[in-house]
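Student: Each protein sequence line maps, in turn, to chains Z and B. Numbering follows my numbering, in which position 401 of the first sequence is assigned residue number 383; successive positions increment by one, without gaps. Numbering follows my numbering, in which position 386 of the second sequence is assigned residue number 368; successive positions increment by one, without gaps.
These are calculated hints, taken from the structure and not from any lab test. Built from N, CA and C at the ideal position, the CB exists for glycine as well. There's no promise every hint is true.
Said to hold, decoys possible - Chain B regions said to be covered by chain Z (calculated; three or more residues, Cβ under 8 angstroms):
#1 105 to 119
#2 366 to 372
#3 409 to 417
Protein chains: 2
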Amino acid sequence: MLAHPICPSFKTSVACRFHVLALLLISLSIENFSAAGDFDVPEVNSTLQDVQGFREKQSCQILKEFRSLLKYPNSTQDRANVLKLAKHLVKEFQQRGVETKLLRLPNANPLIYGELKSPGAKRTLMIYAHYDGQPVVPSRWKHGPWEPVLYSKSMQEGGRQIPWPKPGQKVDPESRIYGRSSSDDKGAIFAILKTLDALKKTNAKRTCNLKFLFDGEEEAGSPNLRRYLENHKQLFDGDLWLFCDGPVHQSGRPTLAFGVRGISSMEITVYGARRNLHSGHYGNWAPNPALNLAKLLSSMKDEKGNVLVEGYYDSVLPISSEENQAIGQIPIIDRELRRKFGLAQTENENELFMKRLLLPSLNIKGFSSGSVGDSARNIIPNTATASLDLRLVKGNDPRRMLQLVEAHIEKQGFHLVRKDPDQRTRLKYSKIAKVISKPSYPAIRTEMDHPLAVKIAQAASLAGNQPVVKLPTLGGSLPLYLFTDYLSQPLVIVPIANFDNNQHAPNENLRIGNLWYGIDLFATIFTME
Amino acid sequence: MLAHPICPSFKTSVACRFHVLALLLISLSIENFSAAGDFDVPEVNSTLQDVQGFREKQSCQILKEFRSLLKYPNSTQDRANVLKLAKHLVKEFQQRGVETKLLRLPNANPLIYGELKSPGAKRTLMIYAHYDGQPVVPSRWKHGPWEPVLYSKSMQEGGRQIPWPKPGQKVDPESRIYGRSSSDDKGAIFAILKTLDALKKTNAKRTCNLKFLFDGEEEAGSPNLRRYLENHKQLFDGDLWLFCDGPVHQSGRPTLAFGVRGISSMEITVYGARRNLHSGHYGNWAPNPALNLAKLLSSMKDEKGNVLVEGYYDSVLPISSEENQAIGQIPIIDRELRRKFGLAQTENENELFMKRLLLPSLNIKGFSSGSVGDSARNIIPNTATASLDLRLVKGNDPRRMLQLVEAHIEKQGFHLVRKDPDQRTRLKYSKIAKVISKPSYPAIRTEMDHPLAVKIAQAASLAGNQPVVKLPTLGGSLPLYLFTDYLSQPLVIVPIANFDNNQHAPNENLRIGNLWYGIDLFATIFTME
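Using the sequences and the accompanying hints, generate a full structural model.
Tutor: Written as C-alpha cells, this is what we have:
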C-alpha cells in the first residue's frame, strides 16, 4: 500500500506508482478500479523525503519506543492503569514542547489536552485520538495483550515471530507489531510523537497550530466526553478536526472518511427455571431458555441479513448524489475480503459493501447459556443471554432504534422486564426477557468538499503515494456528533491502521508500513502550505 | 418425606403416616394422590429402630465424616484426584471388613470392587454407585465445590449457613450439606459405609452377601465400564443389582425406578469469518455465526418442545399396560414443580410429566459465541458453538438418533464437517457446521414385578415410612444396558437424594433427611428376611 514500504528501491515515483497499482490489481483482485480520474498523487516534497530518511535510520529506536508504550495496560475499565498511561503520555508530549495537561472529572478516566503553537501558523488543526483500549481476555491472545511482539507478517497469513531490529537495521513494512491498542489507538498517538521528533530533527517548519485531545474512555462509549467539552469549550477552537482512529480502506489505499456510524447496545436475558436443571430428570419438560432466545434472535433477521424489526429502516437518511459518486470510486474489494476472511457468502450480496454500511446493523456480539466443550454439563440452563450492538446511520435516533427492537421482542410473546424477574412474574408469564438497552450516540456524515479537507486528502495521497479513498462513512462508531453537532466544527477522519488489525479482538496488531504511513501523513499535514 | 426426620416425636406409625400425608397434601399441592391402594407401609422393626437410634446419637460424628469425604475433589477428568479418592474409599471399606480392591485399566479411572459375605445369607445383592463427580466451575459456586458447608435449608429457599453440630446435638433433617457429589453420588456410598457401622454397632444380622461396584467414570459416560465387566465377569454374579444414583421422586416419597433413559451428545460449531471481525466495519456484511446457529437450533424444536427432526419419535417403544398402570399411581406434582422452579409453563403441558420422560429429548446444554456482559466486545464472533444432549428411551439407537439430527442439519443447508474447515471448504460452502457426535448408550426398562424387587419396594416403604413410588423410568441416564443386556441380570434403581439437589450444577447439595433415609434403607435391605 504505502509507497516506500512497498517500493523501497524505486526512486522514480512514476515507476513506483505503476508497481503499486500492478501489485494491488494482482493481489487484491480489485474488480472495479477506476484509477484514471483519481490518480492525482502530488510529487514527494523534500520535507517528506527528510522525514522518511529519519524514520528509516531510526527504525530500531522507533520500534523500541513503540514497544515500550504498548506495554502500558489500558483496558478502558482499568482506571488505575489508564491513569498511569495518561501521565506517561503527558510527559512524552511535554518533552516535545507540547503544553499538555490532564483534564479530570470525578469517576472518569482523564482526558489529555495538549497545545503546540507554531510561529506564522496558517491554521489551527485539532487532533482527536484515544489512549484507552478494548477489554481483553488474555487467554485468547497468542502472546500477552501487553507483551508486544514482532512478527514477519500477520499470524493469520503464516507470519512467525522475529527479533526486534538492531540499530541501523531496516524493518520490513509487512511485519506486524502485536499488542492491545497497537492500532486502536495508541498507534496514532505514537505516530504523532514520532512526527514531532522527525520534524524537529529535520528542521522542518510547521505551518499550523496544533491542539490535541486524547480520549481515555472511547472504548467505553465516551460517557463523559460531552461534559469534558462543556467544561473546556474555550480550548476547542480551531479550523478542522482530524479524527485519528479506525483502519484505512481494505484496498490498503490512504483513506479519508466523512462520517461514522452511531451505536446503541442491548443485552437480552431469557429465563428458564430458577436454577439449572438436570437435563435427564427434566429434559422434555422444563423450557430451555437457550432455545427460546435462539428463536427470538432468529426472528430478528432473515437469511440474507435483512433486519425484520418493524420500522428498522424507516428513518435512514438517503444517500446524496455526491456520496453516491464517491461510492462509485471506492475500489470493490468484496471478493478479496471474502477470500481473506474465508467466507463463501456475505449478507445481502446484491448491494455494494459501502451501501451495506449506510444501513443500520443488528449484530449478535455474544450469546451465552450453560457451557460448551469440556466444561459442558448435562443441564437445562436457567438463563440465556445475548449481547447485541446496533450500528446506526444518519437519521437513526439511538433510543428510538432500541425501542423498535424492544417492541419486536414483545411481539414475539415475551414479557419485558428490566431486572431479574421475581417469583410472581415468573409464574405469570411463560416467556420473559430482561432487556437492558443502552443508547449511545447517533451517526454523523459531513460534507465531502470542505476546502481544508481537500488539502488533507492531497496530503494523504502524497504520504501514501496513492490516490486517496474517500468514504462517506466508516462502519465503526465514534462520538463525533459532539464535534459536528455540539461544537459545530468540521472534521475529517484520518485513519492510519491496516484494515486487518484485529481491532477489538485478541491479537490486535499494527502493520509496520502503516506506522510509517502515519508518520509520513502527519509530517505532511503539519507542514503543508 | 422421611418418617423420623419429619415426625421425630411420633411414636405410633399410624399417626405419623397421617401427619406425613397431610403435610404432603398441603405443602406440595399434590393433585391426584391415590393413597388408599398404595398405602402399604410395613411396621417399623427393631433393627430399623436401633439403626435410627444410632444415627441420631451419632449425628455429629456422621456429618464430620461425610464432610471429610466431600473434601476429596472428584471431577471425573481429574484422574489424579479421582485416584486419591478411590484409594481412600478402599481403605474405608476395608476397615469395615469388606474385601475391597481397585480394578484398573490403562488410561481409565479405577473401579472399586468390594465383597462382604454373611453367614447363612439368603441372597447376594450387588450394589452400584459412582464416586466420580461432574466437572465444576468453581466461580459459580457460592462456596467452593469441595469445601462442604451446612445450611439450615436449601439456599434457594432462603437457607442460611449454620455451624456443624456438636456431639450429641440433633440435626434438622431439612438442613442441607452443600458440596460437589454430596448427592451424586458420594452420598449413597457414604450411607452404605454408615449402614455397615450401624449394623455392627447394633449387632444386627445381615441376611445377604454384598458386592459393591463403585464406578469412577460415570460422569464421563462410563467409557470403560464394559471392559471392566468383561475383564471381571466372574465377580459380578448375584441375585439383583441395586443401582444407587439419582434423586427420589419430586413428591419426596421413597422411590424405585425400573429404567433409565439412554444418552447421546453432539457439539455443533458454526463458522463466520476466520477471525472475530469489528462489528462496525463489517456489521451488515459479514455473516454472524451466532445468528446462523440460533436459526439452526430453532428449526429443531417447535414452541411446544416437540422435536422437529424427521423420524425422531419413530423408534420409541410403546408404553406397556403395566407401565401405564404405574404411571397412573405416581403423584402428579407438575404444578408444585412449576412453582418450585418458577415456571409459568412447561413443554407440551397436555402430557403427564412421566410420559414426557418416556420420549426422547433434544436439549441445548450450552451455547457460546463471543462474550456477554462486561466482557462483551463489539465484534462479529468467528464461531458459535452449541452442546446438545439427547436423552433416549427404550427403542432408540444412540447412533441412529444422532444421524437423524445430522440429516436435519444438512437439510437446513449446512455442509457438515468433522474438524475445523480449511480455506477451500470455507470458500465453497456458505453454511458450515462442524458436528462432533458422541453416541453413548441406550435406555433400559425392566419388568416391574420381579420378586426381589417387590421386597426392595417394601423395604423402601418401611425406611421412608410412606408408600413407594414406582417409576417405569428415571429421566436421567445410567449405563444400565451393560447389566441388563450384557450381564443379563435384573436390577432396580434405588435413589436416596432429594430431587432438588442441584445435581450436575453449582451448589449441589444433599438434604440431611435424605442421608438418614439412605442409611435406614440400606439397613432394612441388608437385614430383610
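Student: All hints are to be evaluated individually against the structure, with a verdict given for each.
Tutor: Evaluation of the provided hints:
1. Only when three residues or more bring their CB closer than 8 angstroms to a CB of chain Z does the claim for the segment 105 to 119 of chain B stand; here the count is 3, and the claim holds.
2. Under a criterion of three residues with beta carbons nearer than 8 angstroms to beta carbons of chain Z, the stated coverage of the segment 366 to 372 of chain B is upheld, 5 such residues being counted.
3. Chain Z is given as covering the segment 409 to 417 of chain B, and this holds because 4 residues of the stretch bring a CB closer than 8 angstroms to a CB of that chain, at least three being needed.
The structure is consistent with each of the numbered hints, conforming to all of them.
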